[in-house]
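The listed protein sequences correspond, in order, to chains A and B. 0 is the number of the first residue of the first sequence in numbering that gives the first Met the number 0; add one for each residue after it. 0 is the number of the first residue of the second sequence in numbering that gives the first Met the number 0; add one for each residue after it.
Where hints are given, some of them may not hold.
What the hints assert, rightly or not - Part of the chain B face toward chain A, derived, beta carbon under 8 Å: (1) S64; (2) G68; (3) P303.
Don't read these hints as lab results, they were simulated from the structure. C-beta: ideal position from N, C-alpha, C; glycine also.
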Amino acid sequence: MSARRDPRDRVQVLDEDGRVREGATVPDIDDESLVEMYREMRLARHFDARAVSLQRQGRMGTYPPLSGQEAAQVGSAMALSDGDWLFPSYREHAAAHVRGVGLERTLRYWMGDERGNALDDVNVFPVAVPIATQVLHATGAAWAADLRGDDAAVLCYFGDGATSEGDFHEGLNFAGVFDVPAVFFCNNNQWAISVPRERQSASATLAQKAHAYGFEGVLVDGMDPLAVYQVTSEALSKAKDPDPVADDAPGRATRPTLVEAIQYRFGAHTTADDPSVYRDDDEVERWKRKDPIPRLEAYLREQGLLDDESVDAIEAEVETEVKAAIDAAERTERPVPADMFDHAYAERTRRLDEQATALERLRERYGDEELLE
Amino acid sequence: MSTQSQNLTLVQAVRDGLKSEMERDDDVLVLGEDVGTNGGVFRATEGLLEAFGEDRVIDTPLAESGIVGTAIGMAAYGFRPVPELQFSGFMYPAFDQIVSHAARLRTRSRGRFTCPMVVRAPYGGGIRAPEHHSESKEAFYTHEPGLKVVVPSTPYDTKGLLAASIRDPDPVVFLEPKLIYRAFREDVPEEPYTVELGEAAVRREGEDLSVFTWGAMTRPTLEAADSVAEDGIDCEVVDLRTLSPMDTDAIVESFKKTGRAVVVHEAPKTGGLAGEITATIQEEALYYQEAPINRVTGFDVPYPLYALEDYYLPEDTRIEDAIRETHGV
Numbered sequence: 000m001s002a003r004r005d006p007r008d009r010v011q012v013l014d015e016d017g018r019v020r021e022g023a024t025v026p027d028i029d030d031e032s033l034v035e036m037y038r039e040m041r042l043a044r045h046f047d048a049r050a051v052s053l054q055r056q057g058r059m060g061t062y063p064p065l066s067g068q069e070a071a072q073v074g075s076a077m078a079l080s081d082g083d084w085l086f087p088s089y090r091e092h093a094a095a096h097v098r099g100v101g102l103e104r105t106l107r108y109w110m111g112d113e114r115g116n117a118l119d120d121v122n123v124f125p126v127a128v129p130i131a132t133q134v135l136h137a138t139g140a141a142w143a144a145d146l147r148g149d150d151a152a153v154l155c156y157f158g159d160g161a162t163s164e165g166d167f168h169e170g171l172n173f174a175g176v177f178d179v180p181a182v183f184f185c186n187n188n189q190w191a192i193s194v195p196r197e198r199q200s201a202s203a204t205l206a207q208k209a210h211a212y213g214f215e216g217v218l219v220d221g222m223d224p225l226a227v228y229q230v231t232s233e234a235l236s237k238a239k240d241p242d243p244v245a246d247d248a249p250g251r252a253t254r255p256t257l258v259e260a261i262q263y264r265f266g267a268h269t270t271a272d273d274p275s276v277y278r279d280d281d282e283v284e285r286w287k288r289k290d291p292i293p294r295l296e297a298y299l300r301e302q303g304l305l306d307d308e309s310v311d312a313i314e315a316e317v318e319t320e321v322k323a324a325i326d327a328a329e330r331t332e333r334p335v336p337a338d339m340f341d342h343a344y345a346e347r348t349r350r351l352d353e354q355a356t357a358l359e360r361l362r363e364r365y366g367d368e369e370l371l372e
Numbered sequence: 000m001s002t003q004s005q006n007l008t009l010v011q012a013v014r015d016g017l018k019s020e021m022e023r024d025d026d027v028l029v030l031g032e033d034v035g036t037n038g039g040v041f042r043a044t045e046g047l048l049e050a051f052g053e054d055r056v057i058d059t060p061l062a063e064s065g066i067v068g069t070a071i072g073m074a075a076y077g078f079r080p081v082p083e084l085q086f087s088g089f090m091y092p093a094f095d096q097i098v099s100h101a102a103r104l105r106t107r108s109r110g111r112f113t114c115p116m117v118v119r120a121p122y123g124g125g126i127r128a129p130e131h132h133s134e135s136k137e138a139f140y141t142h143e144p145g146l147k148v149v150v151p152s153t154p155y156d157t158k159g160l161l162a163a164s165i166r167d168p169d170p171v172v173f174l175e176p177k178l179i180y181r182a183f184r185e186d187v188p189e190e191p192y193t194v195e196l197g198e199a200a201v202r203r204e205g206e207d208l209s210v211f212t213w214g215a216m217t218r219p220t221l222e223a224a225d226s227v228a229e230d231g232i233d234c235e236v237v238d239l240r241t242l243s244p245m246d247t248d249a250i251v252e253s254f255k256k257t258g259r260a261v262v263v264h265e266a267p268k269t270g271g272l273a274g275e276i277t278a279t280i281q282e283e284a285l286y287y288q289e290a291p292i293n294r295v296t297g298f299d300v301p302y303p304l305y306a307l308e309d310y311y312l313p314e315d316t317r318i319e320d321a322i323r324e325t326h327g328v
């Protein structure tokens, strides 16, 4: 790899108009994947709007929107190989979709059905709601992969607020000490609900915190999908095939990387939040000029990979896919009460059996309508 | 007996249990503070580093949440980690990981990911230790669905319960009563064996009154039972061993026989498990009851420094007094 990056230098490939910046190297992605990247981002944007709308109509519970953060999620998740693992927080619906998690399952989870989290066939850990706690699980899984000798790395997402938590510190500290194949990906969207990035840390960047743990930190424009793909790919290959420790290395850990992806959430923290209380519209409009979707679209049109016709076709496909997912999620029968008793332990305890039986007796006697009134 | 046995203390039985499970299953590994080179501050992991190497006996940074949180990731990946937390009073930084994740991972993923992990910690009072080294907070963990909670009281049970906990598909909080780590020895088979989780042990059979207890309180309870026996009070002493899931059948069966009960635990009274045991008896055996149920517990005060510790901890005289009172009603 080239000389180590300074964690204060922001990696950018595309400028705000989608032109390749002078001196920037476009990552090695085939044309089909580039169009796929665009499609995933369009899908995420449309899904997000529909999900917020479902919540507003009372058809879904509280939902955390991702609009504005598509490049960070799609660009990084596309850098993963089949054997790699993804540890999300709760906002990475687009990254999960890239890894094969159907939109229907994401919707079901936010519709309050735990079965939406039963991801039998993909290397994606379930959603972690408590902030930064998944950083430790990711470190542990990466450590386990290393102990097993598996050719696998782990990508872990969290936000800017998470970097203030103890588990962030403990997770990155363990990752450095045991030199595990993990990429810690900070979606710095500037706001932890209402608290701005400046109130989380006096550090000039969050990426530079990596140096304290003995490994590299990289700052990237998180609204530039090509730059995100590039730094994540490099970090993942370093995780699996580390360079020897260089003289200018921040410490002795060779595998982990902390990526700070600068971005902005265009919408609310969740549908229960009103961002107008803590930030002004001018700020939002300023960040919208960096919107990752038109940037990638302009680049792909310039490359001859997209035109009006194909963009329209993608929009139509995306609408069809989201509509089908919503229909499927809403058609799914509610889980039965036995479901909550069956997964607390490998086998039901006596108490759980008694409680499940008592609930069934009540249902039989009164019927669900009266019982749930 | 055809098998070889060894005369071990309780803490030696912990070590022997770890060693025999690590020999049985390569996925079992131990991690924590001072567990490797130092062999653990109580010597519970002595010799394991030499026997199994540093990939399976891991000295970690000093960070309880880090130890348990990374163990959860390892367990989800397929290992059977046995994290040691140095004292149960220092488990609270890991509390979030234990209750928010270890306990919920199976439910959250519908069984795709599980957490076959045993969190070991020395617990309980009576060793003249500094602040935060003596509490009994088993009720924090029994209140959390998805966890199992085990407290052994003998060397034989320690090895068997630890083996059963390590082989269990769900997370177990294994609290070791450090007051009796070296209090007595017992014959412990050299070969691996299990003592099933969720089963109480009747330590003394009796007809007049049931005493329910666990861990380090089992011995003073048995002494109290011997003492009152001289006056013709015939106590049954039930050692619960597993606190979650609790062997309520054993509790109810014993109570139906005696109609009187005393519950003994070190933890504070309010919100302690004696209340849960009493309520279970009320629900399932009220019509057998002949006297109010008596709770002998620690007081509802922060655990005192050791100048007052002997007043705080139930001991045989207090237990005996409660037995006589309950018997006399």
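Going down the list of hints, with the structure as the test:
1. S64: holds (5 Å)
2. G68: holds (3 Å)
3. P303: violated (29 Å)
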